Structure formats: C-alpha cells, structure tokens
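Engineer: Chain order of the listed sequences is A and B. Residue numbers for the first sequence follow my numbering, beginning at 2 and rising by one. Residue numbers for the second sequence follow my numbering, beginning at 1308 and rising by one.
It is worth saying that the hints were derived from the structure and are not from the lab. Bear in mind the structure is a predicted one, so any value in this text is a computation, not a measurement. Where hints are given, some of them may not hold.
Stated by the list, open to error - Stretch-level coverage of chain A by chain B, calculated; a stretch enters the list once three of its residues show a Cβ under 8 Å from a Cβ in chain B:
(1) 116–128
(2) 321–327
Claimed, not checked - If the Cβ cut is set under 10 Å, some of the chain A residues that face chain B in the computed set are:
(3) 223
(4) 418
(5) 420
(6) 522
A virtual CB, placed ideally from N, CA and C, is assigned to each residue, including glycine.
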Amino acid sequence: MRTEASPIQVVAALLVAAFLLAFLIVPVGRVFVVAFQAGDGGFTLVHFADFFRTSLFIESFWNSLYVASMSVVFASLIAVPLAVILARYRFPGTALITTLGVLPLVMPPFVGAVAMQLVFGRNGTVNLLLMDWFGFRLELMEGLNGVIFVQSLHYFPFILMNLTASLSNVDISMEEAGQNLGAKNFTLLRRIVLPLALPGYLAGASLVFVKVFDDLATPLLLNVTNMLAPQAYLRVTSVGLGDPMGYVISVILVVVSVAAMGLAALLLRGRDYATQQRGGGGLGRRELTRRGLILCWCFVVPVLFLVLAPHFGILLLSLATIWSFSPLPDAFTLQHYGTVLQETPQFITNTLLYCGLAGLIDVVIGVTIAWLVLRTKLPGRKLLDMAAMSALAVPGLVLGIGILRTYFDVKLWDGASLATSWIMLTIVLAVRRLPYALRASTAALQQVHRSLEEAAENMGAGKVTTLRRIVVPLMAGGLAAAFVTSFATAAVELSATLVLATRDVDAPLSYGIYIYMQSAAGRGPGAALGVIAVLVVAICTFAAHRFAERERSRRTRSSDPRAE
Amino acid sequence: MHIAATSRRGLLAGGAALGLAPQSVRAQAALEPRVVIVTSFSRDVTTPFVQAFERAHPGTRVEVQNRNTTAAVAFIRETRSAPPDLMWASAPDAFEVLKAGNLLARPQIDTSGIPERIGGQPTHDADGRYFGFAVSGYGIMYNTRYIRANRLPAPREWADLKNPVYQNHIGISAPSRSGTTHLTIETILQGEGWAPGWALLLEIAGNYAQVSDRSFGVPDAVNSGQYGIGIVIDFFGLSAKASGFPVEFVYPTVTTLVPANIGVIEGASNPNAARAFVQFLLSPEGQAVLLNPRVMRLPVRPETYANAPADFPNPFTNPNLGARVRFDSAVSESRYELLNSLFDRLITFRLRELTDAWKAVHAAEAALARRDNAEGRRLVAEARAKLTAVPVTEQQASDPAIAGAFRATRPDRPAAGRQAEYEEQWDRYAVATFGEARQLAERAQRAR
C-alpha cells in the first residue's frame, strides 16, 4: 500500500483537474451562479426553497426517478441475456451483435424522433398495421411508459458493452473452481460469473440510470414535460437564460446523478473483483447445443429487430419520397443521398475527426481518473471522478453558453475565436461524453489485480511503464468499450454543437441533420445524413471490436481455437 | 421535387438577369468579401436567397449559421466583441429582445415601394432596426389522408376545432417554446377578447393530442400523420404541400399577418455587405425568391404577387386576410412572459387532466342528447364554466406588478411576488379545477 503520492500522480491529477476546471466547472459555474443569486445580486437559497414548494417540480422529480429506475430494469432484461450469450458461448454472429448492439445509442437527432414516431407512434407502421388487422392500437409512445420503452431500447447498450467487457475479464479459473465444487450451468452463472462481473453491470446500469434521469431528448420527443430534465430545459430556453429555476433544476440533476454514482460505488465497496491470473483471458467460450443455439437465435433476432426498428425507419425515410399516414412510404428514391453528398460532404469527415479525437481524449482522461481513484491515495481524487461525472447532468445548451462566455474573447492565431473553433467543439464533445468513458475505464481497471502491477514494479518498471505495458493492455476490452461509447454518442450530440458550430465547413453531421430537418422538404436528406452517421459509427464500432478481440485472443490460452 | 429544383434555378437566373447590373457594380466596390448570417430558417429557405445574392454580388461570399432562435439570440449576446453581421428569423419578439439589448444597428435601407403596413401591422420596425421581408399568417394545417381515414370534417375556423369529433386529433406547439404560436394565441385573445379567448383556447385544448416543444414539431407530426390537424404558421403548411405531402392549409377569419424579419447586428464587421443583403431581400429580385415552392412566404412587395400560383393568398387583394384583428403590440408586450407561463401551467403541463375533463364533458353532453334532464344540464354547465375560466383577469395580466414577476431578466421593474409563487398557485388551480369539472361531468353522465 502506498501512503504518499508520487510526483507523477500529482502531475496527472493536476492536469486532469485543470482540464475539468477549464472546460467544465468554470464555464458552467459562470452560468449556474444565477441559481444562487438574489434579485440584488447577493447569495440566496430562496430558489431552492421555491423548487421544493412547487408541486409540479416535486411531481417531475418522482416521475424522473420512476422512469430512470424502470428503464434500468427493462434495459437489463434486454442487455444481460445478450451479454451472457456474447461472452460465454461460441455464437456465430458475435461481431454482428456487438456492432448492432451499439447502434441504438446512435440515434441521430430529429431524424431518430421522426422515424420512431413513424414506426412506433400512434399512427406509425406498427399501429396502422394493428388497426388494419386487429382493430386496436398499442400506446407505445404515450406518457411515462412510452419514455421507459424508448429509453430502454435506446440506452441498453451501456449495460451490454460494459457487462460484456466485464464478463470476458472474469477468469476462467474461477469458473473452473466453481465447476469443481459441483456448480452447474445456471448456478455457475448466477453464483460465480455474474457476481464477478458486477462492476461492469453496475457501471452500465448506473450510466443508464443517470443518463435517463438527465435525458431530455426522449421526453421531449414524446412531449412528456412533467419530468425534471425537460422542465430545466424548457425553463432555460423559454423563460430565458436569466431564469434561476432552470439552473436550480440542473443543480438538483447534478446532485442526484452524483448520488446515484456514489450508490453504485457503495455497492461495490469492500469487495474485491480483481483476479490475479490474467493468462486465462476470460471465460472459456463453450459450444452451444443445438437447442441452445435455436434458443439464442430466438432471443437475439426479435430483440435486434425491436431495438433496430428506429434505424430501419430512418433508412426507409432516407429512401422515401413521401411517407405520410401509411405503413410504408409511397415510393422510393436515391435522390436524397445525392443531395447530401453533393451539398455537404464535409460533415462526414468533420464528424470522424472531432468525435474520434473526443473519444481519444475521453479514454486518456477516463483511464487517468480511474487509475487515480482506484490505485492511489491522493487526497481529493474522488472529487475528480464526481466532477467528471457531473458533465452528464449539465445540459448541453448551458455548457455551450458557458464556453462562449468564457472563451469567446480568446483569439486563435488567425484571429478567429477559440470558443467557436473546431478545437473547442472537440473539447466540448469530449467533456460531454467523458462520463461514459470514465465508467467503462473504472470497471475495466477494477478487474485488474493490483498484484500484477506490483509484480511489474518489483521487476523495476516505473509507474508509466507499468501503466503502458501491463495495465492498459489488460484493460483493452474495456478501453475499446469506452472509446466506442464516447465516439458513438458524440457523433449525434446536438445541443452544445448548435451553440458553438459557426460555419457549415466546420460543422459535424448532427448539425447538418438539424438544418435539414427544419423543413418538410429536408426530411429525406436529413434522414440520409442520419443513415450515414449510423453507418460511420457502425464501421468504427466494428473496427474497435476487432481490435479488442485481437488483444483478447493474443493473451488467451489455447482454449480458444482462434488464438494463434 | 425535381420539378421544384429546376423551376428554382430558372427563377434565379431570371432574377439575376433582370437588370440589377449597374447598381450592383457600383455597390460592389464597397462590399466586404464575406457576410455572416445567423438564422433560424432552414437550408431550403436560405439557400435560394444566398445563391441569388452571390450571383448579384459576385465579390461577396455568404456564410450561413443555422441556429434555433434561442441559440441565435444567446450567441449574439455572448459574442458582442465580434458578432455575426445579420440576424434573420421569423419571431419578431427575438428582434425585440435584441433591440432592447442594443444589439441591432440602424442601417440606411431603401424601403420605397413596400407598404408601411400589411394587414394592419407595421411592416418594419418603427426605429429602423429590423425589416420585414415577408409576412406570415397563422392558420390550420391538416393531413388529408388522416382526415379521410378518421372521417373528420375539414376545419375552417378556430371555433370549428372545439368540435368533440376532433378529440385527440389536434396538435400545437407551446407558446413559450415558439414565438409563432405565441403570436397565434395573442391574436386569438385580442380578436375574441381575453376571457372569451381563453374559453375558446381551453375548449380547443380539450381536443389536443400533443403540445409540442418546438414549432416545427407540429407540421412534422401532421406531415407524418401522427395527428391530423395542426395549428401552424402558413409557410409550414404551404411548403409541406409544395413538397408533395398530402396536407392542406387554411386561414381562419381571426388571423394576423406578422412580418418575418432581418436586422443588421450592432458592431458587425461587414456592415456594407450586410446592408446590401438586407437591400437585396427587399428588392423585387429578392422578393421573387419567396415564391420558390420550398420557401412559400408572402412577399411584402405587392407587384411580386403577379407571378404567384393561382390559389396563393394575397394580403393586398384579399381584404379579409389579417384585417379583422388590429394587433396591439403594446398589450402583447406587456403580458408576453406571463401569457407563456399561464398557457404552460393550464394547458402544456396539465394536458392530461384537461383533456380527461373535456372527454367527460363531451360524454355527458352525448348522454344528455339521448336523455335530456335538468340536473344533468346544470352539472354540465357548471363543469363547462370551470373548464373555460382563466384564473387571471385581463387587467392583472398586463399589471406591471404581476407581469413584472415574470421578467427575471429585467430588474428595473417592480414585482409583487415571485414567479414561482404565481406558477404554483396556477398549477394548483388547474389540477383542482380540472378535477372538479371532471367529477361534475361524470355525475352529469349518471344524472336522470
């Protein structure tokens, strides 16, 4: 056990702290200060008292809590079986699930909403067909239950990715020990495997909870306004930036989110999830019996179909001439793709550049924070974690305005403003998506036993060498998950982008979708851009998955025939 | 769609050839090489104008920054040191906010040939800080397939929307979220009077399927057929129809024409090019672009209508259009924020309670039609009275002491209470009253 901090730890902590301070805390603080300001400019808590006296806000608070909890339950029902299939069985189509399993996260703004309505809405494909055939409709997209439905489909990949990464790090010897003690299939899964994979599950589940709790896109899409995040957003964008209540709600969102993360950490406290042997390289993948295989397909195919239905919707929309009050479009055309590729090819390269960089920044900072929290005794290290996580609860609009307020007068070499340059856009995307990478990195590091690092250090390796040669390679799967989540979700970020992007030539895809989706005629081209966004993310995810698999097989024993 | 694109190109070529040449050559010498526009208009609207302008002024490149109105205003506020050159958007209130913040310049613009007032409304800002380049009216848009499938009559007037057959078929965006809807609501209140206006609004609200949080959400949902009828600004309906969607748009008698505006921002780094762009929009060439099928807005120059399609609405020849209501912008301004908040408390956030109560009333009335009785009629009348009342009087709504509470951003005005206190009061009122009305109506259903 180390008791004092080494210089490298201090430097790393200071660098991360400086980054968070400069691009999250100071800008947001400059906007949030209104929440604590009385009419004469002095400090007051009266706005918080008002919050708790307003029945609508209290109701919204409970609604948000309910929706977030139920979404975790339903997301788990989708994600846990998929993850077990992926990690434990030799299942054809693993790469397919891993890739397609990320896509629900990539819901392009507006296009996703329109497609969702066209598929699941009150007069969407599903309901129109049900009406035609059976004379009834399902209220899939109505009220709080509609929000739970959409959120579960949307965010279950957080659990899937983190749990899969975690499962594949459970050492096979643990499982073998269980087997030797007489445990069989399901018992083995329940008593040995799943408990050991708990860090990954909790990382994913807490992300789902916090993300749903703080999300405003879906409630707004369904026009559900009596939830907390939409209330904050509606206040800020309609009553005005000077309105204290919007920021009071945001502060409360931050507090609840951090508390939820704290709770997840508390559940893990006092247990050790790391295993020492790394030669095993994860669970042995077993052959599926014929019946098992059929069972798996019977689960995987409908689930994939359900979660990807909005994406089929977007695809149809991008190929449709007119699609109105009918199960399928009137006719099909490729013209929208022509329009998009001709008018705005730069959107695609910009997205790759900004979101790729943002994902890398997130992985580096995420690993650093995770390492500081789990491996050092540095005072205040938990604060770094909390500060980074709070980005989840800060509305993009607020962060965007804070950045403008803080950095607009900082000029770049060519006289342009730093705040509206693509560099700042990349940083802001990184800040907004850092929580995803951080949770994934933490879960991955929790499973690496400290003795492996100590062994390296005993052999004379320095801290940096240990990190580079031992820790990071052992975490490869988790890091890939971290990068993919950050990258994929950054590719469809809109709210901060809308404030900061100034020129078409510098703008990412989501901005392009926004400008198309403001008019009836732009619906097709907007959807075409949406399809391109989804494809770009799918390709990158597939590549990351291949990378992680290669890392995995490199350190896997011969139990896996694919390993060299 | 293909036809639209071709005709646009033809239109532009015609506009450019129309003999702007001598002036533009003179003006060009002083124009900066670029001009930056912040706009809430979609690409479909901006692109034809930008192309036509660049053709007329080959030395100047136009940079368009698309933002929604809120983000645009926030951006201009935060970038005082080096702002964009032009703000180009519909909502007049956004321009009022910018003007109040001393963020709009006063360029010299030649507006000769454009009437001072259209449909009773001033076309340009009286202080010359922003200019109307097109006008828009509010009305009802409906999906023809949807109407036919659900066997609904096509609505023509606001009052038609009260009909119980439209239960769960109508959509609107919240006035707090959409400057255009705010003006629709304000127009109805001014045209019908405060209390009767609210009675109408609350009864129509009984038929709402949704209150959307952005203006384009409504035409989007009508285009897709999520619900059949939307209360929208005209160009949403007209341009959707022009793009091939099965929709129609009608102007009710009580409507007002409101200009869509452009203004030069104070401290703009390309003032000459900015001024040239405004001038171009107001010129006959610029006005002609408004008739492009993807744009479809009413021009402010009477002569432009000569080239318009057959059934295109013309405020200069149709005396009905916008003339019924004399829009009083002072009254509108005095209760702007209060009206938004009141609508949200009574309708947006309590839509479920409100529609449930109206459903019960409609069911009770249907029961009474079958089996009339005095007790039932008395109960329904009582329920209706509760559902059509508004907890704020017209005087209170414009009272600076009360309305001032809703202006956190304007500290100079005195406030009688805090916004949060009023809102809580209204929210309690809405929940209690709508609940009571529902119970009354349910008793009326059982009365005999």
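Engineer: Please go over all the hints and tell whether each is borne out by the structure.
Structural biologist: Consistency of the hints with the structure:
Residues of the stretch 116–128 of chain A lying with their CB closer than 8 Å to a CB of chain B number 6, which satisfies the three-residue condition for coverage. Restraint check on the stretch 321–327 of chain A versus chain B: 6 residues with Cβ-Cβ distances below 8 Å, three needed, restraint holds. The interface hint given for residue 223/A is met, as the beta carbon of that residue sits about 9 Å from the closest beta carbon of chain B, less than 10 Å. For residue 418/A, the interface hint holds, since its Cβ comes within 10 Å of a Cβ in chain B; the closest pair sits about 7 Å apart.
Hint status for residue 420/A relative to chain B: holds, with the closest Cβ pair at about 8 Å, below 10 Å. Because the beta carbon of residue 522/A sits about 4 Å from the nearest beta carbon in chain B, less than 10 Å, this interface hint is met.
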